[in-house]
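Those letters in the sequence shown? Residues 1 to 121, per the UniProt record's numbering, in order.
Just so you know, these hints were derived from the structure itself, not from any lab.
None of the values given here were measured: they were computed from a predicted structure.
Glycine residues also receive a C-beta, built at the ideal position from the N, C-alpha and C atoms.
Just so you know, not all the hints are guaranteed correct.
With a Cα cut of at most 30 Å, we get these calculated DSSO-like pairs of lysine-lysine [claimed, not checked]:
| # | residue 1 | residue 2 |
| --- | --- | --- |
| 1 | K82 | K9 |
| 2 | K51 | K82 |
| 3 | K100 | K82 |
| 4 | K10 | K68 |
| 5 | K68 | K100 |
| 6 | K82 | K10 |
| 7 | K68 | K9 |
| 8 | K51 | K9 |
Simulated restraints, written as ranges between beta carbons of each label pair [claimed, not checked]:
| # | residue 1 | residue 2 | range |
| --- | --- | --- | --- |
| 9 | T108 | F12 | 36 to 42 Å |
| 10 | P21 | G110 | 20 to 26 Å |
| 11 | T108 | Y63 | 23 to 29 Å |
| 12 | K68 | Y104 | 21 to 27 Å |
| 13 | W8 | A85 | 29 to 35 Å |
| 14 | T18 | E89 | 37 to 43 Å |
| 15 | V17 | N52 | 16 to 22 Å |
| 16 | T49 | K9 | 26 to 32 Å |
| 17 | R59 | C115 | 38 to 44 Å |
| 18 | A85 | K51 | 15 to 21 Å |
| 19 | A55 | E80 | 29 to 35 Å |
| 20 | T108 | W8 | 20 to 26 Å |
| 21 | D79 | L16 | 25 to 31 Å |
| 22 | T67 | G110 | 36 to 42 Å |
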Amino acid sequence: MGVDGLSWKKGFVDCLVTDPPYGIRAMAHSDAQTGGLNSVEGLDRLGLTLKNVYAALFRIAGYLLRTKGLLVFLIPSTDEFKVDARSIEIMCGDTFRLDKPIAYQELTGGYGRYCVTVRKI
């Protein structure tokens, strides 16, 4: 069953931890070419696929998580593609708030990933 067919109760989950499905190298590199997530304008230029992945993640988490529930997820990066707190705040909208400092894990070849923790308000 796909995530759109979930039969779980609204507000039933305390915490979601996920690494959304995406092609890390292809997506991060492609988005680095268009400005990444470093500004409001950068969000508008995100690749449609990656933008849709995170939009779906926040939509599903907003439905499943109880108030004050946590969403923990990873975002791929390259040397050119950086994520900052303002970028995450934009993604959160009115439903979530950044809960912890954004953690970064450096990988090989100029790649890395951010671990983001947000709380449903």
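Each hint tested on the structure:
1. K82 / K9: violated, 35 Å
2. K51 / K82: Holds, at roughly 15 Å.
3. K100 / K82: holds, 17 Å
4. K10 / K68: Roughly 14 Å separates the two Cα atoms, so the pair holds.
5. K68 / K100: holds, 13 Å
6. K82 / K10: violated, 33 Å
7. K68 / K9: holds, 16 Å
8. K51 / K9: holds, 26 Å
9. T108 / F12: 36 to 42 Å: holds, 39 Å
10. P21 / G110: 20 to 26 Å: holds, 22 Å
11. T108 / Y63: 23 to 29 Å: This hint is violated: roughly 37 Å between Cβ atoms.
12. K68 / Y104: 21 to 27 Å: holds, 25 Å
13. W8 / A85: 29 to 35 Å: holds, 30 Å
14. T18 / E89: 37 to 43 Å: violated, 19 Å
15. V17 / N52: 16 to 22 Å: holds, 21 Å
16. T49 / K9: 26 to 32 Å: Hint holds: Cβ distance 30 Å, inside 26 to 32 Å.
17. R59 / C115: 38 to 44 Å: The hint (38 to 44 Å, Cβ to Cβ) is violated, given that R59 and C115 are roughly 21 Å apart.
18. A85 / K51: 15 to 21 Å: Distance hint for A85, K51 holds at roughly 19 Å.
19. A55 / E80: 29 to 35 Å: violated, 23 Å
20. T108 / W8: 20 to 26 Å: violated, 38 Å
21. D79 / L16: 25 to 31 Å: holds, 29 Å
22. T67 / G110: 36 to 42 Å: holds, 39 Å
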